[in-house]
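Chains A and B are the protein sequences, given in the same order.
Note that my numbering has the first sequence beginning at -3, numbered continuously upward.
Note that my numbering has the second sequence beginning at -3, numbered continuously upward.
A few of these clues could be false.
Same chains, same label: a pair holds when it works inside one copy or across any pair of copies.
Claimed, not checked - Lysine to any residue pairs mimicking SDA-like chemistry, simulated, CA-CA at most 20 Å apart:
1) K73 - K139
2) K24 - R291
3) K233 - D39
4) K195 - R106
5) K(-1) - A18
6) K278 - N254
7) K(-2) - R291
No lab work stands behind these hints, which were simulated from the structure alone.
Protein chains: 2
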Amino acid sequence: MKKLVETVPNFSEGRDQEKIDAIVKPFKEIEDVKLLDASADKDHNRLVVTAIGTPEAVEKAIYDSTKIAIAEIDMEKHEGEHPRMGAVDVIPFTPVKNIEMEEAKELADRVAKKLSDDFNLPIFMYEESASNEKRRNLAKIRKGQYEGMKEKIKEPEWQPDYGPAEIHSSAGVTAVGARMPLVAFNINLDTNNKEIADKIARKIRHSGGGLRYCKAIGIDLKDKGIAQVSMNMTNYKGTSLYQVMEMVKFEAERFGANIIGSELIGLLPSEALFDVAEYYLKLDDFDLNQVIENRLLEDL
Amino acid sequence: MKKLVETVPNFSEGRDQEKIDAIVKPFKEIEDVKLLDASADKDHNRLVVTAIGTPEAVEKAIYDSTKIAIAEIDMEKHEGEHPRMGAVDVIPFTPVKNIEMEEAKELADRVAKKLSDDFNLPIFMYEESASNEKRRNLAKIRKGQYEGMKEKIKEPEWQPDYGPAEIHSSAGVTAVGARMPLVAFNINLDTNNKEIADKIARKIRHSGGGLRYCKAIGIDLKDKGIAQVSMNMTNYKGTSLYQVMEMVKFEAERFGANIIGSELIGLLPSEALFDVAEYYLKLDDFDLNQVIENRLLEDL
Chain A
-3 MKKLVETVPN FSEGRDQEKI DAIVKPFKEI EDVKLLDASA DKDHNRLVVT
47 AIGTPEAVEK AIYDSTKIAI AEIDMEKHEG EHPRMGAVDV IPFTPVKNIE
97 MEEAKELADR VAKKLSDDFN LPIFMYEESA SNEKRRNLAK IRKGQYEGMK
147 EKIKEPEWQP DYGPAEIHSS AGVTAVGARM PLVAFNINLD TNNKEIADKI
197 ARKIRHSGGG LRYCKAIGID LKDKGIAQVS MNMTNYKGTS LYQVMEMVKF
247 EAERFGANII GSELIGLLPS EALFDVAEYY LKLDDFDLNQ VIENRLLEDL
Chain B
-3 MKKLVETVPN FSEGRDQEKI DAIVKPFKEI EDVKLLDASA DKDHNRLVVT
47 AIGTPEAVEK AIYDSTKIAI AEIDMEKHEG EHPRMGAVDV IPFTPVKNIE
97 MEEAKELADR VAKKLSDDFN LPIFMYEESA SNEKRRNLAK IRKGQYEGMK
147 EKIKEPEWQP DYGPAEIHSS AGVTAVGARM PLVAFNINLD TNNKEIADKI
197 ARKIRHSGGG LRYCKAIGID LKDKGIAQVS MNMTNYKGTS LYQVMEMVKF
247 EAERFGANII GSELIGLLPS EALFDVAEYY LKLDDFDLNQ VIENRLLEDL
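The shape of chain A in the complex, shown without the other chains (with noise of 0.2 Å):
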């Protein structure tokens, strides 16, 4: 079976049509990638390609679309609600298939190393390529955006991982970095009270003590009258989905609340479900072989 890995670049363009189909095209036409999502947002103004294919065929990919994304996009013209640091905004690379974090993290540091050759574009390894804690959270990085990069780059301690020591004159700079995909999860409650969603999400989340992969926030949602745990699961291998899901429930129980519902937004990786049913089946040796499915994709 062929590797695969997913790529989820954001590029600062999300209002010209021509510009934001000619950045999208090497994910359409090269072997090997399929193009899962492309959805540019004018207000924004950014647009987000999803794509999976072999780390080859994604490197040529991720390759092409930067080289046309460089030549289209100035980002001293650019505005948009979206914070942003340059043309080629970000490139994070997810193992999906057959491929361990160790060789996305490889692949990551292969492409940043020929973009900032190439293109004479500074970059910063991200999450788990980063090569210290402060760079693991892109917002950190990012902070300041295009406009504050020109001089935060010069300051020694955000010395761009690959490229110069300053930013490229229409470009800016590039975020990429290898990480889990993320798997957002969202359980809704019986109490349009947003307190016990926010006093729940504070328990389950890794920052407040609780689970280790996961990043939780109460939101209310109040066109139906409801309050939800808001969830970010950064590594569904580390940390199931039904563990967020019995904790959410052990933790409601003391407000009296109960779960009504759930949503997981966007795309997921199968592995994330049936991790969910062998625990609830209490499966004693699953092998993710005996699913059709998988044998099927052995081909890809």
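On the provided structure of chain A, position chain B as indicated by the hints.
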């Protein structure tokens, strides 16, 4: 996405490796067919092939392997422990992806007609393809086996659905039919009292007033010192795995017994497990397209 159908033909040859290889060959070589398993058993003197593919490709592989089996197997000389009535004993077709039961039934009829026309082979249609209720159950059709079939097929009520009303002189008769994939699921109890497993099995199975698509028996796992409820789920879409799980749980409770584990035997479709996760996570609007692997399979 391509239509995918599974077939698990059983051939009455489990000893002669050369013949076995020849029968299996079409499933290895025909494009758009994937051989998942080929198990030959010497005691049963039987070969069970598991393959998946597009309806057209599977039809071709079945035709080619049947032609070889009829040429190579002489039922007059066949002996083995497993009940059998023909060189190609049974050919089931199971809808897997992007195909409804109705189309699998059409495929079964098309194959049956062609095999009977070209090889003068009498064919009984079984399971979903059965022409009457008595023929739904393969064991009832096969009763009397190859030897008894010589007379049985002449009885008015056992006229074959396709082909002549006399057995093929060396290949006997064949059963062909469409059916849902079987999911074999066993639940272990913390008791060595088989009677408890029996009682639970009787309550949850269809014949005992339980779940429509559940067959169940109690089993004594002597080496483990525990009793087991052993189930065949005959339609995982109609009756879910979580339903038997919860039913076994509440039936066991009255005997003070608990579930300590479970096992899935053989292959199953991913949806049978997604369904379990959906229930226990209380997911509101889960879409199979959210699963990355399903998106990858679109191109198959």
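Since the copies are identical, ignore which copy is meant and state whether K(-2) and R291 lie within 20 Å (CA to CA) inside a copy, between copies, both or neither. Cα proximity of K(-2) and R291: in one copy and across copies (12 Å, 16 Å).
Intra/inter-copy verdict for K195 and R106 if alpha-carbon distance must be at most 20 Å: neither (43 Å within a copy, 62 Å between copies)
Using 20 Å as the alpha carbon limit, work out where K(-1) and A18 are close: within a copy, between copies, both or neither. neither (27 Å within a copy, 33 Å between copies)
Cα distance capped at 20 Å. Does K24 pair with R291 within a copy, between copies, both, or neither? between (26 Å within a copy, 15 Å between copies)
Between K233 and D39, at a C-alpha cutoff of 20 Å, which is it: within one copy, between copies, both, or neither? neither (35 Å within a copy, 43 Å between copies)
How do K278 and N254 come out at 20 Å by Cα distance, when the copy is not named: within, between, both, or neither? between (24 Å within a copy, 12 Å between copies)
Homo-oligomer pair classification [K139, K73; C-alpha up to 20 Å]: within (19 Å within a copy, 81 Å between copies)
The structure fails to meet hints 3, 4, 5 from the earlier list, while all remaining hints are met.
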